[in-house]
Amino acid sequence: MKNKLIKSFGLAVGLLMICAPVFAHHGGSEYDTKNLVTRKGTVTEFIWANPHCQVFFDTKDDAGKVVNLAIETLAPAVLKRAGWSPETLHPGDQIAITFAPSTRGTPVGMLRKVVLPNGKELTGGTIGELPAQ
Amino acid sequence: MRICVVRSIAALAAVLVFSTVTIAQAAEQTAEAKADTKSKTFDAHDFSGVWNPAPRMQPKGEVHPLDLGGHPDPLPPFTPTGQAKYLANKKFIDAGDVLDCDPFGTAKNFFTPRPFENIQAHDRLLQHFEYYDNWREIWTDGRDFPGDLEPDFMGFSIGKWEGDTFVVESHLYNGKQFLTWQGFPLSESMHQTERWQRVDHDTLKIVFTFDDPKMYSKSWTITYFYKLMDWKLDAHPCTISELKRYDDNISHRDNLPGRDYKPQN
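Protein chains in written order, with this note's numbering: chain A, 1 to 133; chain B, 1001 to 1265.
Please keep in mind that the hints were generated in silico from the structure rather than gathered at the bench.
C-beta: ideal position from N, C-alpha, C; glycine also.
Some clues are possibly wrong.
To be verified - These stretches of chain A come out as covered by chain B in the derived footprint (C-beta under 8 Å, 3 or more residues):
#1 38-50
#2 67-75
#3 97-108
#4 111-122
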């Protein structure tokens, strides 16, 4: 039953996402914005820099193996407007990140949302009036 | 089994109902905001302030200046030279080598989904684009294009008023930048015209006309809108060391050459 509920929810989210215009990331990386992934893990590094900030965190893959994911965001200027600062993340923080994974199957993604250790949620900001892709 | 299906349908319906309510609330708020915007007075000749692009307001059917899944449709009216240049540029972009520090030129700056600030002086309008910290001068003191100026990335711009429309003419581009994020090209023959109109307090409309006979068989236009924001621009200079770190951390992990890309001739 749980699987069916998850599938139903996934279908609904999928339907809603189809309605959104697709803007590719401005670098070469292509992200699967239709199949977002959420992982819990431990921050190993947070780089606050242009052109895009980067969050590195250890998490477990589907086989239970620890992997270090590199999740990029938009630029610091965009994150500031979404409530971030250079002090938002620190090594050792337990977080949950929702991201669009790379279509190449690499441990890389584009951040959509983070849940901080205190439970606060932050999005990845917007480009123009659109969310980060 | 039947209960599972019913519950699944209920969950789906709940999500859709919630979404519909959220969309309805958003529409209501948008309508209120629109009414508020219409009632605010403004000076049609004042473009000062920070403006953020609103790509969703672009009329349907026009060439879109941001990448739509890598397959922009429609495409601009390329010449054979323009088509070949676009395909070469696209390979460059697909390799992740778009992140360089060359000034963006005027069109690409306008179509970058980041804010810019206009500062009006007695003899010129200054534009500060947040992304890569690019600056542009639009001369409004009646001067003509200089005869002795070397072409560069940002070109040279002069502006004049036609009623409440600010008409900007630009050329003297060096042709080394892309016109848009998808890699639409421009050459040294590019002549760009912009027609600026403040359509209400919060909205700036600019119609861009591109005339570049080397790259395009006829002139073509893009209509783009910008919203007035109560923001301050943030620092976003382009620095090679940060680009290199980005390549090492993201591009290379994603099996992309990034700035190490070398075009194959």
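Cross-check of the supplied hints:
With 3 residues bearing a CB less than 8 Å from a CB of chain B, the stretch 38-50 of chain A meets the requirement of three and the coverage assertion stands. Against chain B, the stretch 67-75 of chain A contributes 3 residues with a C-beta closer than 8 Å to a partner C-beta. That satisfies the three-residue criterion, and the hint holds. Beta-carbon proximity to chain B at under 8 Å applies to 5 residues in the stretch 97-108 of chain A; the threshold of 3 is reached and the given coverage holds. Residue count for the stretch 111-122 of chain A with a Cβ under 8 Å from a Cβ of chain B: 0. That is fewer than the three needed, and the coverage hint is violated.
Hint 4 from the list above is the single one not met by this structure.
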